[in-house]
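S.K.: Residue strings, one per chain:
Number of protein chains: 2
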Amino acid sequence: MSAKDHSSLFSDLTRLFLPRSIALVGASARPDSVGGRTLENLTRVSDFKGDLYLVNPSRDEIGGMRCYPSMASLPAAPDVVIITVPAQAAIEALESAAACGVPFAIILSSGFGEADEEGARAEAQLCEIVQRTGIRVYGPNCPGLNNINARLGMSFSPAFRHDLHPGPIGLATQGGGLGRTFMQAMERGIGVGMWASSGNQADLEVSDFIHYMADAPDIKVIVTLIEGFKSGRKFVAAVRHAARMGKPVVALKVGKSEYGIRSAQSHTASMTGSAEINSAVLRQFGVIEVDDIDELVDTAWLLARRLPKGDEKLVVYASSGGAATLAADKVGSAGLELAEFAPETLQRLRALLPSYMPVSNPVDVGTEIFTRPRLVDDSLQVVVEDPSVGLVLYPYPLDYGQMIQQNAESTIRVQARTDVPILPVWMSDRIGEGYQAFVKAGLTPSRSLSNAVKAVQRWIAWGNWRRAFDPDFEPLLPEDAVAAQGDRPLHALSEAEGKRRLAASGIRVLPAGVATNAEEAVRLAEECGYPVVAKIVSKDIAHKSETGGVRVGLGSAQDVSEAWTNIMASVREKAPRARIEGLLIEKMAPSGGAEVFVGVQRDPIFGHFLTFGLGGIYVEVFKDVSRRMLPLNEETALEMIRELRSFPILDGARGQPKRDIAALVHLLVQVSEFVKNNAAELDELDLNPVWVGEQGQGAIPLDAVILNGIRN
Amino acid sequence: MSAKDHSSLFSDLTRLFLPRSIALVGASARPDSVGGRTLENLTRVSDFKGDLYLVNPSRDEIGGMRCYPSMASLPAAPDVVIITVPAQAAIEALESAAACGVPFAIILSSGFGEADEEGARAEAQLCEIVQRTGIRVYGPNCPGLNNINARLGMSFSPAFRHDLHPGPIGLATQGGGLGRTFMQAMERGIGVGMWASSGNQADLEVSDFIHYMADAPDIKVIVTLIEGFKSGRKFVAAVRHAARMGKPVVALKVGKSEYGIRSAQSHTASMTGSAEINSAVLRQFGVIEVDDIDELVDTAWLLARRLPKGDEKLVVYASSGGAATLAADKVGSAGLELAEFAPETLQRLRALLPSYMPVSNPVDVGTEIFTRPRLVDDSLQVVVEDPSVGLVLYPYPLDYGQMIQQNAESTIRVQARTDVPILPVWMSDRIGEGYQAFVKAGLTPSRSLSNAVKAVQRWIAWGNWRRAFDPDFEPLLPEDAVAAQGDRPLHALSEAEGKRRLAASGIRVLPAGVATNAEEAVRLAEECGYPVVAKIVSKDIAHKSETGGVRVGLGSAQDVSEAWTNIMASVREKAPRARIEGLLIEKMAPSGGAEVFVGVQRDPIFGHFLTFGLGGIYVEVFKDVSRRMLPLNEETALEMIRELRSFPILDGARGQPKRDIAALVHLLVQVSEFVKNNAAELDELDLNPVWVGEQGQGAIPLDAVILNGIRN
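Chains as they are written, first to last, in my numbering: chain A, 15 to 726; chain B, 15 to 726.
Just chain A, with the same shape it has in the complex (with noise of 0.2 Å):
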């Protein structure tokens, strides 16, 4: 997929945001009826310019609007008709819509998917209608869809009324509970351009709404509640088209221990998936994951407010001394820098304080503000003047009523005049003037010292990942192999069969062969040059050495004979059912490298994904992995090298050599490689300890294990 052929994948979505012409069917004089809110929100609460079609068979008008007997009695097809009938009537609806040539259908209505069989059958009409005829469908069983920047509610929602913050933020969920949170988080001082929550997602999901916000002019960061996947391809598209645009994503995902995964498919029909490999996914497309609601809007209100660069030093200002030191505290434990002020701005603060307070960064002004109102105003503005401040964290630790509002305005107004963003932190449970004055100013306060930082961090690390961003790369995805495969069950190569194709696409393994007779054992094994092990082959036995079927440090064609009559004997006593097919002569490796494993599994939403580590306790305590989507090029073989905690036992920690990493970037592009070829069948592969050797003496896998197929 390049990234011209998105069109492939979506429709364009600006009439249904921005439509034209509305037809509400289902419009309603009772006020507390679906139909009737609705009505009540696209006439009242929502400014909307364009022309609305009540469809009502049973009035003549409601309100003094007129009331048309069906879809087709329209004197028009409008952009998009919102449907809140039963769910029987709201598919006869959809029909008709789409016979009249109706481009969008909102349906609100449940009684679908989420209620029994009978809905079940009835969202499988809904999407038989939606193949055959063209027509898209957000929905059912949603609350609607609010542009809230074109004050206009698509919604039943008698909330609809106090969600008319606009600004620059995106927001696409799927269920509305957690949505609705962060949209209160308005009451902080933050504004959401729409919503787009689509309850079952007959058709269009969160995906078509992440790629759409990611061209809308209006919208500068997307937020989404992340339940489940339909589809990855769509999901990587869309991502991925707004980090070209340069849009951040930042995503909640719910589903990430046994209890939450067990409780969201209870909740939701969505594939959850397992959470480490969503996560590889959102960070390999700088999707910033977040771990609750507070923590959303933190991060998304600091990147709507401003983009980073990713090097950004900050300032901690504050006139506690306990609260200036718990926030540096915080800055120095999540690894941000602390800048360094210009021997001017020292000279001017100090021109500035009282004689007694040091001067540094921390500035702490102590409680001088309040007796000398246009110290902050004045020090603050030359905190942010200094050339190398690029964030001001300001912790609030307590509400002082008029002195602190009057700090409060201070701030907002050194804020107007500079592009460096002042995050206020409000600590304290009492919400004042002060308080009220930054959410009116949008200046939105952070509630806890420590989301503050997080905050910051994470929008430090979306400017860095953005500039390292290859908005080229392309990931092995799965739906094309397993449309291609069928169903072919799983089946596991031989360890001989699997290093036989590993050595076919170019990746160095040991000399090695099956020999089908002592002579044949003892002919290879001069060939490979001693020392050799041995290893039984045979696709029955799972567990090589419990049958006594390996032996190593063979030196001699005496060893050889004898350990192919001793592996033998064993394997027949103890597997007497395997069938054997011979006997793997390897080459054996030199000795004292160090040991790594490389492991490829298939994910059924995201495809194929490659697992780095040191093996052993490192990734079994430690969690000690990196991981990618395929396919790697060798800047990133090389980064997930890298990036392993244990990394230096491989880079010469303590004296021991350093490991040959060029060879090991070099196999994590050949394994890499090998997948992408064999994507349609291959599920799982693990090379098991990879040997590593000084720099120099290469990388070679010692075990290989291949199952091919598809899973059920």
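There's no promise every hint is true.
One copy or two, it doesn't matter: identical chains are merged, so the pair holds either way.
In the DSBU-like style, the derived pairs of lysine-lysine whose C-alpha atoms are separated by at most 35 Å in a straight line are [to be verified]:
hint : residue 1 : residue 2
1    : K454      : K323
2    : K553      : K672
3    : K454      : K672
4    : K672      : K588
5    : K323      : K244
Hint data in this document are derived by calculation from the structure and do not stem from the laboratory.
Given chain A's structure and the hints, the job is docking chain B onto it.
M.R.: Using the frame of chain A, we list chain B on its own:
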């Protein structure tokens, strides 16, 4: 120090917190002076029934209350004198109060150690008066002492009038700023019984207040903000006393990262100490360390509502599928357990909930609650009656006005009938009547799911810790040792001498001796048994290998003779000025053991700590060590070994042999005894590596570095 001799460390502060009579030196009629504001707090905001004497030589009365010209002229010595006059006058007033037999002085005035050199001299004078007369001083440079449960504010702070929500939390801080952040959480429903914040802590300090609050019958939970420590001994005695009294201590310690430490040092004069050491002390005495003020509020209040047993299982109860899933997710990620409902509970819930809702934990009652107002009362009641339920986590993702208010009131009703804590989480930034209902009922909603789950985690962990707490543990503390020793500079023992002393204390080391000529070396080698290692012995050579001073694997008399010649030649060439004592001949360790390290350091505040780990990358990269104050018993030693994340390496992971854990436990206890017996002089001890054999083979230090003396 035994449990009974706290008297030598702590005075009874009852008459400071609950005075029967108070004198106010510097009482003023000017409402915005320190003396005037203090008078206002004492007479108008407080409900003080005792005698109040005003001291002001220039007035006869203030507001109808008589003024005395001096302390000496008072009719009786009050329990507390509050001093608000400038530093020099304050010193005089203190002297005169002490002469009258006043037991406690609260000095609100600033201009002491925090100000300049003159102030530091005044503070020294103040300390001298304390030493000489026995009067106890609270302050100077502090906002005062508030006993809210007694409705008594001995404070000049105009904010005291907002601090009148009494309760079971005792707050002990040094500076006032972040303490007030905590106080303002009264706005979220917490009650604070008393707040001590004694500024410069010239005499009484945080530890004194913790100790007092541990005895105070109206205090259940102690909260402290730690900027540094004056006396390790007092802090340990105070928190141990709290633990013995069954009262949790929750602490926020600032100064954990470099930036924070630097800022704390410029902000206060306290020694902040090493974050790792401080955290180890807190953990060892069950002090719950949190990372931010909001976490402090949530954790302390949950403990104040109910003390945990340590085995509580949770229910997540919600009316939003998204919030339920996110909450369950966090419960799982935190390693907490969801309760399994009894069959009867399931049956009762099924009878209450609509048939389409699955009944499990999380309990999702859906939007039904909006149409059936009794549903929360009924179903939540069933939940808390389940025998396995220890706590209910109830996330409220959004405000819906009156509907949520009714819902909150139902929750409050159920809480009133049960001991199982119900913890509401108000996730939205929109504060409504429901939130206010929780505040009023003292259910103090958490403001984020993450914080709520962290609070529950810490709550349960404290219950667990308390069950295992050894109330008789007496740590080695530094003061006596340092006092006994004077200022001897640091000096290192040679490896041979260090091992000799370890061996003399019963610690198993390899057979060894120091030879002063080649013949003696051979004789020693024969005694030890081959193979042996030979290492140069010289106090002037720190890195023996770099001078060619080490030979290993010497298997015969000839090897040993040659080693003597070669080592001496090499050392004479590479370190010509080193004074050589001889050659250490030592039996070589058996091959194939695991390597660990045992380190002991003396912290200037808290004394000797033992650190244990696997060394190398495990400590350097993964920070995988365990650390305890000394002495250790076998139980604690085993705990230290088992709490390593890399413990599986010693425990036979991945086919490796199980190591001799019993011998390792024995070694740790022996090292602890060694340190105890040498506490006065021992500064640092490093056994690295320690060889650990298979079960029955023992654990043997292969190298030993001992530093004696006192660090500058």
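S.K.: For each hint, tell me whether it holds in the structure or not.
M.R.: Each hint, compared with the structure:
For the identical chains of this complex, K454 and K323 are intra-copy neighbours only, at 27 Å inside a copy versus 46 Å across copies, given an alpha-carbon limit of 35 Å. Taking identical chains as interchangeable, the C-alpha atoms of K553 and K672 lie at most 35 Å apart only when they sit on different chains, with a minimum of 33 Å there against 38 Å within one chain. Taking the shortest alpha-carbon separations for K454 and K672, neither the intra-copy value of 58 Å nor the inter-copy value of 64 Å comes in at or below 35 Å. Within a single copy, K672 and K588 get their C-alpha atoms only as close as 42 Å, which misses the 35 Å cut-off; across copies the closest is 28 Å, which meets it.
Only within a single protomer do K323 and K244 lie at most 35 Å apart by alpha-carbon distance; the minimum there is 33 Å, versus 44 Å between protomers.
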